[in-house]
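Protein chains: 2
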Amino acid sequence: MQDKLTLMIPGPTPVPESVLNSLGKHPIGHRSGEFQTIIKKTTEQLKWLHQTNGDVLTITGSGTAAMEAGIINTLKKGDKVICGDNGKFGERWVKVAKAYGLDVQVIKAEWGSPLDPNKFKAMLEEDTMKSIRAVIITHSETSTGVINDLSTISHHVRNHGDALTIADCVTSLGACNVPMDQWGIDVIASGSQKGYMMPPGLSFVAMGKRAWEANKTSDLPKFYLDLKPYLKTVQNNSSPFTPAVNLYFALETSLNMMQAEGLDSIFKRHSRHQKATQAGIQAMGLELFAENGCGSPAITAVKPQDIDAEKIRKLVKDDFDILLAGGQDHLKGKVFRIGHLGFVNDRDVITAVAAIEGTLNKLGLLKFPMGSGVSATLSSLKEN
Amino acid sequence: MQDKLTLMIPGPTPVPESVLNSLGKHPIGHRSGEFQTIIKKTTEQLKWLHQTNGDVLTITGSGTAAMEAGIINTLKKGDKVICGDNGKFGERWVKVAKAYGLDVQVIKAEWGSPLDPNKFKAMLEEDTMKSIRAVIITHSETSTGVINDLSTISHHVRNHGDALTIADCVTSLGACNVPMDQWGIDVIASGSQKGYMMPPGLSFVAMGKRAWEANKTSDLPKFYLDLKPYLKTVQNNSSPFTPAVNLYFALETSLNMMQAEGLDSIFKRHSRHQKATQAGIQAMGLELFAENGCGSPAITAVKPQDIDAEKIRKLVKDDFDILLAGGQDHLKGKVFRIGHLGFVNDRDVITAVAAIEGTLNKLGLLKFPMGSGVSATLSSLKEN
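Top to bottom, those sequences are chains A and B. Our numbering numbers the first residue of the first sequence as 471 and each following residue consecutively. Our numbering numbers the first residue of the second sequence as 471 and each following residue consecutively.
Among the hints, erroneous ones may be present.
When chains are identical, the list treats them as one kind, so a pair holds in a single copy or across two.
Below, in silico cross-link-like pairs of lysine to aspartate or glutamate (EDC-like), each with a Cα-Cα straight-line distance of 16 Å or less [said to hold, decoys possible]:
(1) K474 to E504
(2) K550 to D632
(3) K738 to D816
(4) K547 to D689
(5) K495 to D473
(6) K565 to D696
(7) K784 to E504
(8) K568 to D689
(9) K511 to D818
(10) K738 to E504
Hints are computed from structural coordinates only; laboratory data are not their basis.
Pulled out of the complex, with its shape left as it was, chain A reads as follows:
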């Protein structure tokens, strides 16, 4: 039943009716006073969400556009950068950096393992000539459900003194604590279809003071993703190009909802759902893909044994109208991923675990008594 589908993928995430109702309103002029009011208000709210006194700029485009903007607005051709790569998105930022002629040093970890902050520390400390201009990393690696230690890595970058931290926080912002200024992160990219509880189409680049300082010498060619005109226009509550007006209506509503809930409550909700999902999955004998203690608050990847993960995913959709995400690239068929990001409540988590448990039972693969998974999920929700 298409109309009854519940999205439990890491984006698009479920969207509240009130946000959809805002989205479906008649557009207004993007140069009107009414629209300026929306830009002004949402810009302030975005700063609250990023816990920053820096600038948060809104781009019509995907999270990749925002991350690319962060990279190409702060660096020069030939600049040396370190890219962390432990999944599909880490890989992508390496590609972006290379596409613009940056000198890329890659620090890798296996898919499913987190990046080792000590490797960043060592490489940064060795750089006595201060030739490293930026460290580019993914906070929550959506492809594997692993959270990287952004706080520690950005601490090492600050100790280096010259390099910037450019962070993909697409599935962490609005799911767990990412205090941009406190952690000393210079650039954060995020996208609307994640913790923002909105459909895809808008993305956000937060730029701190050091990022703007670096921007002065940035020479990589750009136009649509040139952030200077975004900064100049947002200061007048405007935008350089025609923005996705209706998505701004949705943004206004979703940020109001987020502020009403409060950051701490949002982070606690995601943490509870992560724990409850993990508890349910493990109680029915399934293996988590992410290394112990490194699970993302946004998404849990599961590695079923003795069966194609896609088969479980298909049955969960067909029988229970719940859409899970599959594995990407070499993980296709090896893992499925449960999104518990954005507009998700306890019921969603319970039913996702129940649907997986029912599917395993149907396939004759359930190794524990029926109800073990749901029971563990309920207990976890009660305890946390």
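Here the structure of chain A is known, so what remains is to put chain B in place on it, guided by the hints.
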């Protein structure tokens, strides 16, 4: 009354209820079979709209993003290009070309006048070394309400043999005939908030065979706007990055409406509304900004005498809930612009003319008997 506002600006244009209803639906997974069906269908419909056998790629972004993509995917650093510049958008493509290190020759015309095709012919014929790689022009110059002779200019480009025609058809596509293949246009950029009758947020790049051939040697850096992954994925009814899913729902509905109306009817409707608007404006003693015979089918710029155009625009909004566009850059206060693009019917045109006439009367500036403008508009609609 904000909720009763009628948009008569060149974008966002009015959006049908059925399109808004589609927009406000719950998002679905962008890698799902259901979404693939939408991509497949809309891609075919976009080819119909462009009258092309080439590829039409959909980007989440503004029309500028699409135009930039067309330029940076077909050219190499240092390539010599001719840019036509007779308004704000012509100016913009010069800036884009320069931002990427192209060798730009500009052919100018005054704002309000069309580009002279003979100047393009002469420059192309002089280029016996075939060093000109592209001619970049705006078909309908939104800032001035002037239509350029794209057909003749692209004919001269074809006679050159080597250069490409890269055309900004943002406010002409879906308003007047732009037969891409028949006219030999290599790249066409357009945006959703125009003839498509949709909110802003999606844009489209049509690429012909010669454009793809040029793409093979294109070396300008890009990632989000790199069209090769768009081509590769659209062939599997997919997209390289998370697209604005809900805007695709709207696109599907609007393209269905456009196909039901038919291209000829759409073009005729815009032509009738252009003539009726011009007739009404001139009958009340106001001057058209565009040179005689060069008016855009999408927008009519009006140059009132002895009064700040912004004052008329403000009163039309406050008294009649009709939003007109102002002048851009040095035309601010000198002209106002009436959009008759997209989801516009006879009633919209009649009321816009009536509102302007009523406003002139209120200001004591109406030089002809009250009703002259509306009467001329009604007659024009009857005759055409």
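Against the structure, the hints come out as follows:
For a Cα distance limit of 16 Å, the shortest separation of K474 from E504 across copies, 14 Å, qualifies, whereas the shortest one inside one copy, 35 Å, does not. With identical chains, the CA atoms of K550 and D632 are at most 16 Å apart within one copy only, with a shortest distance of 12 Å there and 39 Å across copies. In the homo-oligomer, the alpha carbons of K738 and D816 lie at most 16 Å apart inside one protomer (12 Å), although the nearest pairing across protomers, at 55 Å, exceeds that limit. Proximity of K547 and D689 under a CA criterion of 16 Å is satisfied in both settings, with 7 Å inside one chain copy and 14 Å between copies.
Proximity of K495 to D473 under the C-alpha cut-off of 16 Å is restricted to the inter-copy arrangement: shortest distance 9 Å between copies versus 21 Å within a copy. In this assembly of identical chains, K565 and D696 lie within 16 Å of each other by CA distance solely across copies; the values are 12 Å between and 19 Å within a copy. Taking CA atoms no more than 16 Å apart as the test, K784 paired with E504 passes between copies only; the shortest distance there is 14 Å, against 45 Å inside one copy. Within a single copy, K568 and D689 get their C-alpha atoms as close as 15 Å, and across copies as close as 13 Å, so both meet the 16 Å cut-off.
Taking the shortest alpha-carbon separations for K511 and D818, neither the intra-copy value of 31 Å nor the inter-copy value of 32 Å comes in at or below 16 Å. Taking the shortest Cα distances, K738 and E504 never come within 16 Å of each other, neither inside one copy (35 Å) nor across copies (34 Å).
Of the hints listed earlier, those the structure fails to meet are numbers 9 and 10, in rising order.
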